[in-house]
Structures are given as C-alpha cells and as structure tokens.
Amino acid sequence: MFTDNKHPDRGIMSSILGVISVVTIIVAIVLTYNAGGQAGIRSGAAVFLATCFSIVGLILGIKSRFEKDIFKFFPNFGISINSIVILFMIYIMVISYI
Numbered sequence: 080m081f082t083d084n085k086h087p088d089r090g091i092m093s094s095i096l097g098v099i100s101v102v103t104i105i106v107a108i109v110l111t112y113n114a115g116g117q118a119g120i121r122s123g124a125a126v127f128l129a130t131c132f133s134i135v136g137l138i139l140g141i142k143s144r145f146e147k148d149i150f151k152f153f154p155n156f157g158i159s160i161n162s163i164v165i166l167f168m169i170y171i172m173v174i175s176y177i
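As numbered in this note's numbering, the sequence shown has no gaps in its residue numbers, which increase by one up to the final residue, 177.
These are computed hints drawn from the structure, not numbers from a lab. Beta carbons are placed, not taken as given, at the ideal position from N, Cα and C, and that holds for glycine. It is possible that some hints are incorrect.
Pair ranges (Cβ atoms, derived) [said to hold, decoys possible]:
| id | residue 1 | residue 2 | range |
| --- | --- | --- | --- |
| 1 | Ile177 | Gly119 | 18 to 26 Å |
| 2 | Ile174 | Val106 | 17 to 25 Å |
| 3 | Asp83 | Met172 | 37 to 45 Å |
Generate coordinates for the entire structure from the input sequences, incorporating the hints supplied.
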C-alpha cells in the first residue's frame with residue numbers, strides 16, 4: 080500500500096480510552112453483581128472515571144477525524160465505542176432514578 084496516510088495519534092488514544100472505559104465498567108458491574116447488587120464507593124468512582132475517560136476519548140476522536148491524510152479506522156472506532164459508553168451511562172442513570 081503506497082500512501083502518505085497515517086494513523087492519527089489522537090485517534091489511537093481515543094480508541095485506547097474507549098477500551099479502558101469498557102473494561103472498567105464491565106469489572107465494576109461484575110464486582111457489584113458479586114456483592115449482591117450493592118455498589119461500593121470504589122465501583123462508583125471507577126465508573127465515574129471511566130465516564131470521564133469516555134468524554135475525553137470522544138473529544139479526541141472527533142478532533143482526529145478532521146485531520147487530513149489519515150486512516151479513519153481508529154478515529155471512527157474511538158468515536159463509536161466512547162459514544163456507546165456514554166449512552167450506556169446515561170441509560171444507567173435514567174434507570175436508577177425510575
């Protein structure tokens with residue numbers, strides 16, 4: 080493949096932050112389930128931090144998507160996974176108030 084395109088660093092970081100967020104939320108959900116549904120302060124703090132990572136990752140993904148001469152896989156993957164995490168957190172917050 081002969082091209083000058085490159086993988087943007089912001090896009091790669093966005094994808095990494097998204098994967099870290101997903102893993103953190105899954106671990107927090109499993110620990111909460113094992114504790115009988117009682118989420119501790121550590122689980123809440125971990126999920127809050129994962130949500131902050133997702134917001135930063137979404138911003139990085141959007142910024143990297145507007146760069147020129149790049150491969151678009153990592154920015155698109157970062158935007159999609161961080162958006163899913165943010166929407167999931169909104170869903171969890173809405174369900175908890177009902």
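A quick look at each hint next to the structure:
1. Ile177 <-> Gly119: 18 to 26 Å: Cβ of Ile177 to Cβ of Gly119: about 22 Å, so the range 18 to 26 Å holds.
2. Ile174 <-> Val106: 17 to 25 Å: With Cβ atoms ~20 Å apart, the hint holds.
3. Asp83 <-> Met172: 37 to 45 Å: At 44 Å between Cβs, range holds.
Checked against the numbered hints listed earlier, the structure breaks none of them; every hint is satisfied.
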